[in-house]
Structure formats: structure tokens, C-alpha cells
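Trainee: Residues in the sequence shown are numbered consecutively from 865, following our numbering.
Since the hints were derived computationally from the structure, they do not count as laboratory data.
Certain hints may be false.
In silico lysine-lysine, PhoX-like type, Cα no more than 20 Å apart, as pairs [unchecked claim]:
| hint | residue 1 | residue 2 |
| --- | --- | --- |
| 1 | LYS1237 | LYS1410 |
| 2 | LYS1067 | LYS1093 |
| 3 | LYS884 | LYS1067 |
| 4 | LYS1018 | LYS908 |
| 5 | LYS1237 | LYS1258 |
| 6 | LYS1258 | LYS1306 |
| 7 | LYS1107 | LYS1018 |
| 8 | LYS1592 | LYS1201 |
| 9 | LYS1338 | LYS1311 |
| 10 | LYS1093 | LYS884 |
| 11 | LYS1317 | LYS1306 |
| 12 | LYS1237 | LYS1306 |
| 13 | LYS908 | LYS1107 |
| 14 | LYS1284 | LYS1306 |
| 15 | LYS1338 | LYS1317 |
| 16 | LYS1018 | LYS1093 |
| 17 | LYS1311 | LYS1284 |
Quick list of the computed label-pair ranges, beta carbon to beta carbon [unchecked claim]:
| hint | residue 1 | residue 2 | range |
| --- | --- | --- | --- |
| 18 | ASP1514 | ASN1255 | 32 to 42 Å |
| 19 | LEU1066 | LEU1406 | 21 to 31 Å |
| 20 | VAL1193 | PRO1665 | 21 to 31 Å |
| 21 | GLU1071 | LEU1198 | 31 to 41 Å |
| 22 | TRP1698 | VAL1193 | 45 to 55 Å |
Every residue gets a Cβ at the ideal spot worked out from N, C-alpha and C, and that includes glycine.
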Amino acid sequence: MSANSLPEGAAVWHSLEVDKALDLLDSNADSGLTPQEIQQRLQKYGPNELEETAGRSAWEILLDQFKNIMLLMLIGVALISGFLDVMRLQSGGLKPGEVPFKDTIAILAIVILNGILGYVQESRAEKALAALKKMTSPLVRVLRDARLVEIAAKELVPGDVMLLEAGMQIAADGRLLEQSNLQVRESALTGEAEAVNKQASLKLPEETSLGDRLNVVFQGTEVVQGRGKVLVTNTGMTTELGKIAAMLQAVESEPTPLQQRMTQLGNVLVTGSLILVAIVVAGGVIKDGGFKNIQELLEVSLSMAVAVVPEGLPAVITVTLALGTQRMVRQNALIRKLPAVETLGSVTTICSDKTGTLTQNKMVVQSISTNNKTFRVTGEGYAPTGDFQLNGQKISQEESPEISALSVACAVCNDSVLQKEQGEWAILGDPTEGALLTLAGKAGIEKDQWNSKLPRVAEFPFSSERKRMSVIAKVEGIATGEASSRGIDPAIAGFLQSEPYLMFTKGSPELTLARSTQIHLGNDTGTLTEEQRQQILAENDLMASKGLRVLGFAYKPLVEIPPEGSDEASEQDLVWLGLVGMLDAPRPEVRAAVQECREAGIRPVMITGDHQLTARAIATDLGIAQEGDRVLTGQELQRMTDQELEQNVDLVSIYARVSPEHKLRIVQALQRRGRFVAMTGDGVNDAPALKQADIGIAMGITGTDVSKEASDMVLLDDNFATIVSATKEGRVVYTNIRRFIKYILGSNIGEVLTIAAAPLIGLGGVPLTPLQILWMNLVTDGLPALALAVEPPEPDVMQRPPFSPRESIFARGLGSYMIRIGIIFAIISIALMWWAYQHTHAAGYQGDPETWKTMVFTTLCIAQMGHAIAIRSNNRLTIETNPFSNIFVLAAVVVTTILQLMLVYVPPLRDFFGTHYLNMQELGVCIGFSALMFVWIEVEKIFLRIMGKKAV
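Required output: the full structure, derived from the provided sequences and hints.
Mentor: Encoded structure:
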């Protein structure tokens, strides 16, 4: 077969016999490929590398920041302001000491700062693909032209024969040709923690899920033990890892709800501003009967344009989100992308992995069955403390000596170590064996002590073919009293008569039971009857149906150490001890978190690579699903069209045995149904779904670098309950963002209307310069807005459904509030402006006639302080609110008021900002008018309370 006729990767390699796979790729298991074949295939398939598509450059990201409609309008304002200053310079119209272009410089500085702020948030490079590339092996050993050579992994081609041994990272996908006790850790790709025992001789059905393909190996996975010979079938982007890389790059980032709302806000404000500018200019031209005052009208228009844009809003939002990230880190949630803080508050569905997130990632024995009695075992994690219960009653080992006998087998037939580290019990070795040591510890059987009573002298190791392991121990005597006579520990006294050795066997219950002819009863043994055999098998099936991983235990007295390799003959005529059923137990705090999700209108969904029985057992226990709920497997999902999946996705809460593409499809189907999805994951296989989800959540402890780089948030404790806490924080952040948007834009509307009214009611000049408006928007509005951003949560924040992520920023009455408060603001300011103008232009006035403008400026600023105090609560009066629950608001009000007064009473600042000195009477009038804003909002709350309505 020529290189041009090789299969394109569509062959389902796990469903082919070894010879058929070799024929398809025209390769030889003993000699590999020839140099000519290698060269042809390199040209056809290219190097064994992950390819990267080009993203946006840093310059493109920076330029995109200045496409924001509000920043574009400010740039236009700055240019027109600069043009007017040039005209005044040429005509000598500048006042003595006045600095030209200060408005232009100030506005452009704000534009540049906002642009940089946006760039810093958005320019975080996507490093997920770089992390994927780190998973590929640099060097690999292959057979080429009948010689064993070591080559760079990127030179591998389909048809190469690759050799594997323990500790190697697999460099390409391939079909096993032969293996010897080969175990491969595929957790990064499939999500399953346990190493997989590979078998070359198998021929599997085409629909076999990724985690069950025992006759193939995958790029990026790791050989734990054994060795193997592999026919390379896929390289580069056609490997499973390559498919993930392609999916990762195909996922397009959507703007977050907050970004969409800010875009909508900008469009509304700019459109409204331009319409108002047109009305003012047209009204002024009509009133003057021509364009003789066009410069004054342009200055009014510039001030209005600056007033309508909340220049401080991007900075306030960024700081609010940053403060939210700090609070979340204290709750073990690390935010990688700032907008994700607010986005969390919109989540309607949480798709969670099972292992380590919903569960402890610690195998814990749940029940044991001996002598036709099934005992429930209590306790959490690896701590060797707990009880044995029969029918809900605690049982002592004196009542049931079979428990001690079984526990001895668990401790002796075991290669792991249970130890206490920094106050926490931990396992060195296999988690399953760790669970058995914990069980033995609960029965008072400690492995260290029994190593001296039953020292190991030989073993038959576990293999995937035998599905069991055996340990041969020498029976040592123990001191039985002061006379120092030697005897046998009571726990195993019934195991033997005079035999010097004991063999303990554990493994597949069916296979271990098939080799047993006797059964241990109390402290004695008896013949294993057919009825007992059927009862044991029925109990095994019952345990398995509950999602437990079940092991069978037996023993055999020996008169001599069996020779090496005699396992088949030695492991016969065993004495049956019992069954042990274990589970990766749920985290105790997750049940409450799931219940909190339900109350908050959030639907939890389990998506796991584990078996459906285990998935159902955990999901039902945690309240994610009810008894009888449907479990959708990867095979069933594979056969569904996207439309069929979309119809079922709201009805299924458990997905089992899923592959990377399945996770991505589930997220996409939920999103098409209008759901806002948070997705957790730790493996490489999760990266595309993490990137597609509205909130991608990676695991901090078990997560791969690939999953972390693709995520928006990292769980530092891998705990589902932390997601719920972060969601609550997201809701609080969104509520506070709405609060300070109300605060900022209500005043902005008041400013715009006040500025527009000045020429229309016949007052000369513009009451506020662009520089003064920038001061108001950045300082007077900005500092109290930042203080409002840390307002504590409302009591019912997690007792209501999430607000729609697609709701307008003006939804739920916020728009009407801003307009209403803006109009009241304007009425108060215009009334003050009219009085101040008459006052400063009255005969005999000693001050500067332009002082009325400073009075307007001061009134607007101080009125905002009353607004900030009143807006802390939507429904409670200020006197009903604890003033010290947010001390930052009081501090911001005091500091901002002092700064405002400095602009009036400190000469250098007065000159720079173009203000005038106010006497005590004028300042008192400003404060009096400003207080009306606070009074209005409080009266409005009382009115709404009487009417039985809830404020915004």
C-alpha cells in the first residue's frame, strides 16, 4: 500500500485485529517502516506536532479598545475642544493665567487610561495550547528498518512501531501489538483517576467509549508500569490530543453579560447625548436667529458630551471586579479573567465533574459482607475511625469475629501505606488499597503490627488477566502472657491448624469465589454450599448496583512457600472471607451546596467519565438527581443528533462515560436552550468545554495546566461548594454594579439637563467646563461609587432565581430610576442656577458675576453625597440602615466633600479648575439645595413602602 492510499484516520482502530491494523498501515511489527516509507508519510501527514492558529496581535487588541463608542465620542470632544482653544489663541480670547488645551489633555488622558485598562484585561494570552504541547514527549524509541532507534517525537508517522516502558509519556495514538502487564494513566485525557490495564489481544465494538478502549494508547498519557509495542495510527492534529487542540481553537469567546450591557449602555448614552446636542444647537440657532453664538453653543455641546459619558465607570467596574476576586480567593476561588466575577452571578446551570469535586477523591469502604451478613461502615475519608453497623445498630467485633478476619486480609494483602501528615490521614499508594487499610484500622488492625505477625515472604502480583493478587505470609507467634509462651493472634486463630504459612487473595469477587471451596464462619471454616455461593453473588450484584467497587477476599493455609509462577495451581481451594464494597464518597458539604443551588434557581448536572451505576449512586445521594432519573451514557449521546440532544438536555442531570466531544456538545446544547453554563473540569479532555462554557472552572489541585489555561476560574480546593460560594459573590457584585450605575448615571443625566438648560433659559455661558465635569465624573462620582461597590450582600441573594444574563442594563426599573432621579437632580440644580445667576448679577454684588457657575458646580457635587448615602438601600430608610456596615461610604462622602471645598478655597486649585470663591451664605445655599436630593430619595422610599411596591 502506498503512502497516498493510507487511511485518513477514520479507521476505528480499537475495533480491528492486530493483523488487520498492520495491513491497513502497510507496516511490519518486527521491522517497522523503511526510510523511503517514512519520508513519503512525513510529506503526506506532516510532523507529529500540534498546530496553532493565529490569534489577535497585541496591537489589534489595543486598537480594539478605542472602537468603544463612548471613547470615540470623547476623542471627538477632545479634538473639537482643542480646535476651539486654537481659535481662542489666535483671537487672543484666553483669560490671563488660563492654561490652553487643559480640557483636551485631560479628556485624552482619560481616553488613554480607559484604553489601557481594557487592554490589560483582554490581553491575557491564551496559553492552553502551549500547555497541551508540553504533554507531548520529546524523544521516542521506535523500530525502523529492523533496527531500534531513538528519534524526536515530531518525526513519528502512522505505521511506525513504537516501544513503551514504565515512566514514558506516549508520543502518538496507536494500536497495541503486544504488552506485558502494561498500565497507562489516562486521567488527563479521560478524567478517570485509576491507571488502565491494557490488553493487545482485545477486539472492541466500534462504539466503545474512549475510557474503555483497552487495546489502544493515546498521545499525552503516561505509562505507569509494564511495557508494550505499539503501532502508531494517528499523529499530530489527528490524535485525540490533537482533536482537543482543534476544538479548543475552534471555540470563539463570546462577550460576557457585563460587556454586552456596557456596550448597550454606551450606545444609549451616546445616542441620547447626540440627540440632546442637536436639540440644544438647533434651539440656540433658532433663538439667536443665526450662527453668531455658534462657539458658545459648541462649548455647551462639548460640556454635555463630556457630562453624558461616565468616564469613571470603567475604572470603578474594574476595581469592583478586582475586589470581588480578592473576596473569592479567600473562599478558595481564583479568578483568571476579571469579567468572570460578575458573570458567575448569572449562572443557571452548573455542570460538574464527579471525581474530586462532588466527591472526596478518596475511596471509602461503605459496606462489607461476611457470613451472609452485610455491615454498613461509617467514617469519612482515610481517617481510621468509624463503626460497623448491622441493621442500624453498632456491632462489636466480639459479636462478629468475621470482621476482624476480613480486616486482617485487607491489611496484609496490601502494598499501600496509611499515615498521618500534618494532622491529616493520607495514603501512599493505590487509593483502593488505601480504603482497605482504613477499613482495617476501624477494626483495630494496623498494618505495621501485622507485618511482624504475618511478614510477607512471597506474592503473586495483580495482573489484568488474573484480576486478583495474592500475598504469602509466614505465621509468627505472639507473646500471650507473662510466661512468654508463644501463640497465634486470636484474629487468625481459626485460619489454620499447624500450617506455617497463610496466603491471602483479593480481586474480582466472581473469579475469587470460583476458586473457593470453603467459607470462614465465626472462628471456624465450613464447606461452601451452592446456596451460599448464590447468596454471595447476589450480594455482589446488589453492591455493584449501588455504584460500589466490590472486591472479594479469601485465604488458604500453606505448608510451604509456593514456587514462583505457580499462581494458577496455588490459588485453588480457597477459604472465602467476604466482600468489601467501596466508593469515592461524596464530600459532606456538597449536599448543602446542592440544596442551596436548588433554592437559588440553579440546576446542578453531573458529567463524568465514570460508570453509570456509580454516577447514579453519587448523584442520588447528593440530591442532584432523584431515584429513577435517566442517566445518559456517552454511547447513547454519540448516537443523538444535536437537535435530539437539545431536546433532552433539560431532562438529564447525569451523564456517564462521556468523551471530550460529548462534554462540549452538552455545553453547546444547554447554551442553545438559553441556559447560562458553568462547567468544571480537570483533564485535558475538559479544555474545549471549559472554554466554550460561559464560566469555565478548572481544578486547582488535580487540574492539568491545559484545563487551567482554558478556564475563567480555578477552584483552589477542588470543591463544588466553593462554586456555589463564588456564584453568591457574583450576584453580590452584579447587584453592587447596578447600584453604582444608578448612582453615577442619575447624576450624569442631571448634569446634562442642567448644562442644556443654561442657554435655553437665557443664562450666558456654560455653567460647567469639560474639566469640571471630568472632576465630577471621576472624583465626585468615582469615590462614592467605589465605596458602594463593597456594600454587603442582601439577605435573600441566594433565595431567588438568577437574573437573566440577557436582561438589559436598564431592566427592572433601573432605567426609569435614572431618568426620574436625573430629572429631579436637574430641577434642583436649575432652580439653584436661576437663583445664583440672579444673585451674582444683582446690583451691588461684590464678587465675580461668574460665581453662579461655581455655585452650580458645588451644588451638583454635594448633592451627589446625599445621593450616595440614600442609595445604599433600595427599600430601607437611611436611619434604618447601620451606617457602619459600610464605613467606606461615609469615608468617601467626607473625603469627596473636603476635596470639592478645596477646589473653591485653595487658590492654585481654584485657578486651575476655573472656580470662584464662595462666601458662607452662598455655600449655605448650595448645601441647602443639595440636601433636597437626599430628602427626595428618602420620601420616595416612604411613598413606595406605602404603595406596597419594591424599589429598584
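Trainee: Indicate, hint by hint, whether the structure satisfies it.
Mentor: Verification of the supplied hints:
Restraint check for LYS1237 and LYS1410: satisfied, since their Cα atoms lie roughly 17 Å apart, inside the 20 Å limit. Straight-line distance between C-alpha atoms of LYS1067 and LYS1093 comes to about 17 Å, which keeps the hinted pair within the 20 Å bound. For the proposed pair LYS884 and LYS1067, the alpha carbon gap of about 11 Å is at most 20 Å, so the pair holds. Between LYS1018 and LYS908 the alpha-carbon distance is near 14 Å, which keeps this suggested pair within the 20 Å criterion.
Among the hinted pairs, LYS1237 with LYS1258 is consistent with the structure: their alpha-carbon atoms are about 14 Å apart, no more than 20 Å. Of the supplied pair hints, the one linking LYS1258 and LYS1306 holds, its CA atoms being roughly 13 Å apart against a limit of 20 Å. A distance of roughly 17 Å separates the Cα atoms of LYS1107 and LYS1018; the hinted pair therefore holds under the 20 Å criterion. Restraint check for LYS1592 and LYS1201: the C-alpha separation of about 17 Å stays at or below 20 Å, so the hint holds.
For the hint linking LYS1338 to LYS1311, the alpha-carbon distance of about 15 Å falls within 20 Å, and the restraint holds. Distance check on the hinted pair: LYS1093 and LYS884 sit about 16 Å apart at the alpha-carbon level, within 20 Å; holds. Proposed proximity of LYS1317 and LYS1306 is supported: the alpha carbons are some 19 Å apart, at most 20 Å. With a C-alpha separation of about 18 Å, the suggested pair LYS1237 and LYS1306 falls inside the 20 Å cut-off, and the hint holds.
Between LYS908 and LYS1107, the direct Cα distance comes to roughly 18 Å. Compliance with the 20 Å bound is thereby established for this hinted pair. With a C-alpha separation of about 15 Å, the suggested pair LYS1284 and LYS1306 falls inside the 20 Å cut-off, and the hint holds. At most 20 Å may separate the alpha-carbon atoms for a hinted pair to count; LYS1338 and LYS1317 meet this at roughly 8 Å. A hinted pair counts as satisfied when its Cα atoms are at most 20 Å apart, and LYS1018 with LYS1093 qualifies at roughly 19 Å.
As the CA atoms of LYS1311 and LYS1284 are separated by approximately 14 Å, the hinted pair is consistent with the 20 Å bound. One distance hint, 32 to 42 Å for the beta-carbon pair ASP1514 and ASN1255, holds here, with the actual separation near 40 Å. Judged by the Cβ atoms, the range 21 to 31 Å given for LEU1066 and LEU1406 holds: they are separated by roughly 29 Å. The supplied range of 21 to 31 Å is met by VAL1193 and PRO1665, whose beta-carbon atoms lie about 27 Å from each other.
Roughly 39 Å separates the CB atoms of GLU1071 and LEU1198, a value that falls within the hinted 31 to 41 Å. The beta-carbon spacing between TRP1698 and VAL1193, approximately 52 Å, falls within the hinted interval of 45 to 55 Å.
Hint compliance for this structure: no hint is broken.
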